[in-house]
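Number of protein chains: 2
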Amino acid sequence: MSDHFEVLSKCQEARAGILRTAHGTVETPVFMPVGTQATVKSLSSGDLETLGARIILANTYHLAMRPGHELIAGLGGLHRFMAWPAAILTDSGGFQVFSQSGRRTIDEDGVTFQSHVDGSTQRLTPESAMAIQAALGSDIAMAFDECPPSDAEPAVITKAMERTTRWARRCLEAEAAPGQLRFGVVQGGTSIELRRAHLAEIAGLSFDGLALGGLSVGEPPEVMHAVVAHVAPLLPADRPRYLMGVGRPQDVLAGIAAGIDMFDCVMPTRNARNGHLFVPAGHLNIANTRYRDDPRPLHEACPCEACRRYSRGYLSHLFRSKEILYYRLATVHNVQYYLNIVRAARQAIVEGRFAAYAAEQTALMEAGE
Amino acid sequence: MSDHFEVLSKCQEARAGILRTAHGTVETPVFMPVGTQATVKSLSSGDLETLGARIILANTYHLAMRPGHELIAGLGGLHRFMAWPAAILTDSGGFQVFSQSGRRTIDEDGVTFQSHVDGSTQRLTPESAMAIQAALGSDIAMAFDECPPSDAEPAVITKAMERTTRWARRCLEAEAAPGQLRFGVVQGGTSIELRRAHLAEIAGLSFDGLALGGLSVGEPPEVMHAVVAHVAPLLPADRPRYLMGVGRPQDVLAGIAAGIDMFDCVMPTRNARNGHLFVPAGHLNIANTRYRDDPRPLHEACPCEACRRYSRGYLSHLFRSKEILYYRLATVHNVQYYLNIVRAARQAIVEGRFAAYAAEQTALMEAGE
Numbered sequence: 001m002s003d004h005f006e007v008l009s010k011c012q013e014a015r016a017g018i019l020r021t022a023h024g025t026v027e028t029p030v031f032m033p034v035g036t037q038a039t040v041k042s043l044s045s046g047d048l049e050t051l052g053a054r055i056i057l058a059n060t061y062h063l064a065m066r067p068g069h070e071l072i073a074g075l076g077g078l079h080r081f082m083a084w085p086a087a088i089l090t091d092s093g094g095f096q097v098f099s100q101s102g103r104r105t106i107d108e109d110g111v112t113f114q115s116h117v118d119g120s121t122q123r124l125t126p127e128s129a130m131a132i133q134a135a136l137g138s139d140i141a142m143a144f145d146e147c148p149p150s151d152a153e154p155a156v157i158t159k160a161m162e163r164t165t166r167w168a169r170r171c172l173e174a175e176a177a178p179g180q181l182r183f184g185v186v187q188g189g190t191s192i193e194l195r196r197a198h199l200a201e202i203a204g205l206s207f208d209g210l211a212l213g214g215l216s217v218g219e220p221p222e223v224m225h226a227v228v229a230h231v232a233p234l235l236p237a238d239r240p241r242y243l244m245g246v247g248r249p250q251d252v253l254a255g256i257a258a259g260i261d262m263f264d265c266v267m268p269t270r271n272a273r274n275g276h277l278f279v280p281a282g283h284l285n286i287a288n289t290r291y292r293d294d295p296r297p298l299h300e301a302c303p304c305e306a307c308r309r310y311s312r313g314y315l316s317h318l319f320r321s322k323e324i325l326y327y328r329l330a331t332v333h334n335v336q337y338y339l340n341i342v343r344a345a346r347q348a349i350v351e352g353r354f355a356a357y358a359a360e361q362t363a364l365m366e367a368g369e
Numbered sequence: 001m002s003d004h005f006e007v008l009s010k011c012q013e014a015r016a017g018i019l020r021t022a023h024g025t026v027e028t029p030v031f032m033p034v035g036t037q038a039t040v041k042s043l044s045s046g047d048l049e050t051l052g053a054r055i056i057l058a059n060t061y062h063l064a065m066r067p068g069h070e071l072i073a074g075l076g077g078l079h080r081f082m083a084w085p086a087a088i089l090t091d092s093g094g095f096q097v098f099s100q101s102g103r104r105t106i107d108e109d110g111v112t113f114q115s116h117v118d119g120s121t122q123r124l125t126p127e128s129a130m131a132i133q134a135a136l137g138s139d140i141a142m143a144f145d146e147c148p149p150s151d152a153e154p155a156v157i158t159k160a161m162e163r164t165t166r167w168a169r170r171c172l173e174a175e176a177a178p179g180q181l182r183f184g185v186v187q188g189g190t191s192i193e194l195r196r197a198h199l200a201e202i203a204g205l206s207f208d209g210l211a212l213g214g215l216s217v218g219e220p221p222e223v224m225h226a227v228v229a230h231v232a233p234l235l236p237a238d239r240p241r242y243l244m245g246v247g248r249p250q251d252v253l254a255g256i257a258a259g260i261d262m263f264d265c266v267m268p269t270r271n272a273r274n275g276h277l278f279v280p281a282g283h284l285n286i287a288n289t290r291y292r293d294d295p296r297p298l299h300e301a302c303p304c305e306a307c308r309r310y311s312r313g314y315l316s317h318l319f320r321s322k323e324i325l326y327y328r329l330a331t332v333h334n335v336q337y338y339l340n341i342v343r344a345a346r347q348a349i350v351e352g353r354f355a356a357y358a359a360e361q362t363a364l365m366e367a368g369e
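Order-wise, the sequence lines are chains A and B. The first sequence begins at 1 in our numbering and counts up one residue at a time. The second sequence begins at 1 in our numbering and counts up one residue at a time.
Hints may contain errors.
As the list claims (entries may be wrong) - With a cut-off of at most 25 Å between alpha-carbon atoms, the simulated PhoX-like pairs for lysine-lysine come out as follows:
| # | chain 1 | residue 1 | chain 2 | residue 2 |
| --- | --- | --- | --- | --- |
| 1 | B | Lys-41 | B | Lys-322 |
| 2 | B | Lys-322 | A | Lys-322 |
| 3 | B | Lys-159 | A | Lys-41 |
| 4 | A | Lys-41 | B | Lys-41 |
| 5 | A | Lys-322 | A | Lys-41 |
| 6 | B | Lys-41 | A | Lys-322 |
Stated by the list, open to error - Computed footprint of chain B on chain A, listed as stretches where at least three residues anywhere in the stretch have a Cβ under 8 Å from a Cβ of chain B:
| # | region |
| --- | --- |
| 7 | 77-86 |
| 8 | 248-262 |
| 9 | 312-320 |
FYI, nobody ran anything at the bench for these hints, they're computed from the structure. A quick note: this is a predicted structure, and the numbers were derived from the prediction, not measured. A virtual CB, placed ideally from N, CA and C, is assigned to each residue, including glycine.
Isolated chain A (complex conformation) (with noise of 0.2 Å):
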């Protein structure tokens, strides 16, 4: 039905597909890195292409306050202000906007808020975030929701909910950029039912995509993976499905056995600069002691970088030594694993032996925590 979108595969409800975007074709499942100021952190857009990845999150809010969209609409656009031709998703900046400390109000028209850069008075609105999306040319750009806190009560969710279908009709509304797909997102937290009622709300308008937002927001994983056990199955089957800011790589396998399409998350990254390095069989946590003479890559079958030329023991070296290239060679790694993941799941479904696939990950990445 949609032509930027097709299923190659599937397998039980797990999907194999491609999604077409202005910048390039990307298969899907796909794991988005998250590049919030115009940069993966620590990496360049080379490292980026190295790396495999074909689309890269970046976060509407933190550009919107530095350097600014007109900025770098002025400079030509995000794709070649970051020197990056391949897709970019842009959110909507309501998560930050929702999750920041600071005082906001929010009316029917949109949220006021005060920027982490300078404290200044900001204003976001459904519009105001389409017309900022479309100034920084992202491939994919995720319409402006409320996201109510998740220990809200469903009252208040209900009423996000409903504030957020008449949100996402004025993005509708907002003019593009050339190209530029628009994603819809679901709301109503951990009820399956206020989630079907919403998905059915959502679905309804003419988005590109349907995302669920609102989960993994810090209620426990197995409360998580019901809802999208659930819900990744109503989505339409015709459009992409993303779940937005998930997870742990074996949330990220839970997501795919449901059929969502699309992930994001800052837990690669984050979790390198943190000494957290991914392994198949769980972690490693660069900061142990053993590590210090270590003359073993992180993973010897891993093809990233870090793993070809450089030992666990000079990781650890220039992790205890705070080094800035620690950083860098830590988030090639990390990133490279999810890539990985999420390739070779991509495989197993296209070869009808995802479940095994995903059990077998499942249980080394569990054992080893």
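Given the structure of chain A, go ahead and fit chain B onto it with the hints provided.
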């Protein structure tokens, strides 16, 4: 006379030569990027290869304190530890020990000081400094010298010179790593007379190269240039000549003009991190507001990754946002600048036009400041 060094071409006092080390041949004059803690800050060994570096400097003191030379030796030596296949020169640790602020006591045998890492009491002697450098497996080890303060009285400088000579003899009696070259250090402050006297002592010993130490430690550049111009031509012509810790690009050119073959300095790397980026017409300070929306690369003709892919506007954004990527791109650029300046100097020497090259470049640099 020496088989590890050959002067191929001279242009007045300036020399183009070849230095053969256990890890490859180095064309001189050469600038050695500083890799204090087994990484040139923010760069991987792959980055250094891309930049065309063939020799780097590493700091004996820092590596002995953390992670420890025994640990590095156990992991196969410094080259393997940092995955750097080309040449490494290690300093002796003397400069760090003498310039650090904590308590230290000097006696005829060596120096007792406190570790900057954990405050523990440590001791460095000519023998242990050479043993550490042998354990690291550097290609060039520096003799352990006494570095008096830059404003020391002549009597103090003379005493330090005499002790440096006695220590130099002890350094030469210590065992070297296989193929490791050893360089002696000429002290003498800014006094031509003292420099000549110490040079005569050190040149009489069987070092593979000679260095001028204790310069660029606070004296005005003209004073340093005058000392180098007088003393460098008196250093044995058949051995490589190394001007330690120098300096600004124009200081390097002045050193080459005086017949110096090797340089090292933290300026390109440290200044990069502070926003000071070298361009042929002096430098630009990326913190300046004017670069926020500047679509041009730092320098059109520069072949480095920062200039090939990114605008000043993007670098300005990364700098203002304190993004880790800024430090790497800025360092890549500044190191490329230094390597190119010195490579072009070598070419100019070979083509018999060094004086004109140096005058033209220096005028450009000075005009831009």
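We went through each hint and held it up to the structure:
1. B:Lys-41 x B:Lys-322: Distance ~15 Å between Lys-41 of chain B and Lys-322 of chain B Cα, so the pair holds.
2. B:Lys-322 x A:Lys-322: holds, 15 Å
3. B:Lys-159 x A:Lys-41: Distance ~51 Å between Lys-159 of chain B and Lys-41 of chain A Cα, so the pair is violated.
4. A:Lys-41 x B:Lys-41: Distance ~17 Å between Lys-41 of chain A and Lys-41 of chain B Cα, so the pair holds.
5. A:Lys-322 x A:Lys-41: holds, 15 Å
6. B:Lys-41 x A:Lys-322: Holds - the C-alpha atoms of Lys-322 of chain A and Lys-41 of chain B are around 10 Å apart, at most 25 Å.
7. 77-86: Check passed, 3 qualifying residues.
8. 248-262: This one is violated; 0 residues, fewer than the three required, reach chain B with a Cβ under 8 Å.
9. 312-320: holds (count 6)
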